[in-house]
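Visitor: Kindly produce the complete structure, drawing on both the sequences and the hints.
Listed in order, the protein sequences are those of chains A and B. Residue numbers are given in our numbering: position 114 of the first sequence equals residue 114, and the series is strictly consecutive. Residue numbers are given in our numbering: position 99 of the second sequence equals residue 99, and the series is strictly consecutive.
All the pointers check out, no bait thrown in.
Taking lysine to aspartate or glutamate pairs in the EDC-like style, the calculated list, with each CA pair at most 16 angstroms apart, reads: (1) B:214 / B:131; (2) A:201 / B:176; (3) A:201 / B:175; (4) B:150 / B:124; (5) B:122 / B:148; (6) A:150 / A:118; (7) A:150 / A:121; (8) A:201 / B:173; (9) A:201 / B:177; (10) B:201 / A:173; (11) B:219 / B:32; (12) B:201 / A:176; (13) A:122 / A:146; (14) B:219 / B:25; (15) B:201 / A:175; (16) B:76 / B:117; (17) B:150 / B:117; (18) A:219 / A:131; (19) A:219 / A:32; (20) A:219 / A:190; (21) B:201 / A:174; (22) A:219 / A:89; (23) B:214 / A:190; (24) A:214 / B:190; (25) B:219 / B:190; (26) B:219 / B:89; (27) B:219 / B:131; (28) A:122 / A:148; (29) A:214 / A:131; (30) A:219 / A:25; (31) A:150 / A:124; (32) A:201 / B:174; (33) B:219 / B:33; (34) B:201 / A:177; (35) A:76 / A:117; (36) B:76 / B:118.
Away from chain A, derived, C-beta distances all over 10 angstroms, residues of chain B: (37) 18; (38) 19; (39) 21; (40) 25.
Note that these hints are calculated values from the structure, not bench results. It should be emphasised that the depicted structure is a prediction, and the values quoted were computed from it without experimental measurement. Cβ coordinates follow ideal geometry from the N, Cα and C atoms, glycine included.
There are 2 protein chains.
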Amino acid sequence: MALPSTPTVRTRVTREPQRAVYEREAAYRILDEGFICHVGFSLEGQPFVIPTSYGRAGDNLYLHGSVASRMLRAMKEGVPVCVTVTLVDGLVLARSVFNHSMNYRSVVVLGRAAAVEDSAEKTEALRALTEHIVPGRWAGARQPNERERKATLVMRVPITEFSAKVRTGPPIDDEEDYSFPTWAGVIPLEMVAQTPVPDPKLDRGVAAPSYVRKYSRRKT
Amino acid sequence: MALPSTPTVRTRVTREPQRAVYEREAAYRILDEGFICHVGFSLEGQPFVIPTSYGRAGDNLYLHGSVASRMLRAMKEGVPVCVTVTLVDGLVLARSVFNHSMNYRSVVVLGRAAAVEDSAEKTEALRALTEHIVPGRWAGARQPNERERKATLVMRVPITEFSAKVRTGPPIDDEEDYSFPTWAGVIPLEMVAQTPVPDPKLDRGVAAPSYVRKYSRRKT
Numbered sequence: 001m002a003l004p005s006t007p008t009v010r011t012r013v014t015r016e017p018q019r020a021v022y023e024r025e026a027a028y029r030i031l032d033e034g035f036i037c038h039v040g041f042s043l044e045g046q047p048f049v050i051p052t053s054y055g056r057a058g059d060n061l062y063l064h065g066s067v068a069s070r071m072l073r074a075m076k077e078g079v080p081v082c083v084t085v086t087l088v089d090g091l092v093l094a095r096s097v098f099n100h101s102m103n104y105r106s107v108v109v110l111g112r113a114a115a116v117e118d119s120a121e122k123t124e125a126l127r128a129l130t131e132h133i134v135p136g137r138w139a140g141a142r143q144p145n146e147r148e149r150k151a152t153l154v155m156r157v158p159i160t161e162f163s164a165k166v167r168t169g170p171p172i173d174d175e176e177d178y179s180f181p182t183w184a185g186v187i188p189l190e191m192v193a194q195t196p197v198p199d200p201k202l203d204r205g206v207a208a209p210s211y212v213r214k215y216s217r218r219k220t
Numbered sequence: 001m002a003l004p005s006t007p008t009v010r011t012r013v014t015r016e017p018q019r020a021v022y023e024r025e026a027a028y029r030i031l032d033e034g035f036i037c038h039v040g041f042s043l044e045g046q047p048f049v050i051p052t053s054y055g056r057a058g059d060n061l062y063l064h065g066s067v068a069s070r071m072l073r074a075m076k077e078g079v080p081v082c083v084t085v086t087l088v089d090g091l092v093l094a095r096s097v098f099n100h101s102m103n104y105r106s107v108v109v110l111g112r113a114a115a116v117e118d119s120a121e122k123t124e125a126l127r128a129l130t131e132h133i134v135p136g137r138w139a140g141a142r143q144p145n146e147r148e149r150k151a152t153l154v155m156r157v158p159i160t161e162f163s164a165k166v167r168t169g170p171p172i173d174d175e176e177d178y179s180f181p182t183w184a185g186v187i188p189l190e191m192v193a194q195t196p197v198p199d200p201k202l203d204r205g206v207a208a209p210s211y212v213r214k215y216s217r218r219k220t
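Guide: This is the structure we're talking about:
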C-alpha cells in the first residue's frame, strides 16, 4: 500500500478542504478510470490548456504525440506543467441555486515532464498508453515500427506533487430551505460506450473482440 | 449568423490543421453541449488547471465560485487565462497503434477575465450558469438572496480569441495496414444521465420534473 503524499502549499486544497484526498491509491483509482487529461503550460506568459490522452504506469503518467506538437515541445523544454484529470459523476440539485453542486473526482498533478529516451521505457510507455485507453488493444493491433517510434514523442510526468478532490452524495441545503417546494437530488452522469461502429473499410467477417463489445471505463 | 473569428498566432491550430474550426457558431455548439471547463492560470510561474462549471450568455463565458476561491481571485487580478471545453465522442481503433485516435470536439478560449460587478449582469450570469447546466432549474429552485450573491464571485470571460478542434469518423490507416487481421472502427462514447436519485431528505410525494427525468446534454 502506498503512503499518502504530504500536500505541499501548492497542492493543499483550500476550498472545500473536506473534499481533499491525498492518498496515492485513491488518486490512482481516479487516474485509472479516466483517460483524458487537461495539460496546462505557459508560453510567453499565456497559459494553454490542451486535452490529450494519457496512460499511467507505476508512479508516472505518460503523454504522447507528434514530435511537432507545440505542447510536447514546450514540455520537453522542462517548463512547469499541470496535468488534471476530471471524472464527472453527477449534477447535484439543491433547493437553493446557491447550494447546487457537482459530484466529481479530480486529480491535479504538478511538476515537470521529461522526454522518454530509453527505448525499453518508450515501448513500455506506449503499451501503457494503449492499454490504459483500450485494455487488450496492444496485443490486438499492429505495434509501432521504428519510423513511428521516431515520430512519436513520449513524455513522462512523475506523480510526485498531487492532490485529489472528491464530492459524492446528496445536496446539502440550508436548514430553512428544506421546506422549499421543489425536487432535490442527484442526476447521475456516466460516460457510456455505445454500440461499436466498424470501419467501413473493415471486412464484414471480422467480429468486434470482447474488449470492444464490452468496453467500459467503470472499474469493478 | 456570426462571422468566423480570425485565428491569432496563439489560437491557430498547428497540429492536424484539418481539424481546426474557427467559426463562432460551431464553437458555441460545443460550448453549449459541455458544462465543465478546465481553466488554466499561472501563479508564481506554476500553471494550474482546475475543472469548474460554466455558462455561456452571448459572447461571454461565465464562471462562478466562492469569493475565497484561489482560482477566481487570481482571475480577478487580471492574469491571462485559458478556458478549455472538451467533449469526447469516441475511441478510434485503427489497425496500427500509431493511428489510434479519439473523436472529440474541443474549444480553447484565451483571454483575461473580469469580475461581474453590475447587479443585473450578475443575476443574468447566475441564471445563465444554472440554465446552462440544468435547463429549467432557475425557475424551479430558490433563487440567490443578497447574502449568497455577495458570497459568490462571478467572472466574465469574453469569447474573443478562440479556436475549436474537431475529429470525427473512422480510423485512417496506412494503406499497407488495411490487410492487418484485426477489428477496426470507433467505440462511441456518450455522457449519459442515469435514473435520478432523490435526496433522502426529500418528501416522497415530490416527483422529479421533466427537466430532471429527461436530462440530456445532447442538443437536437
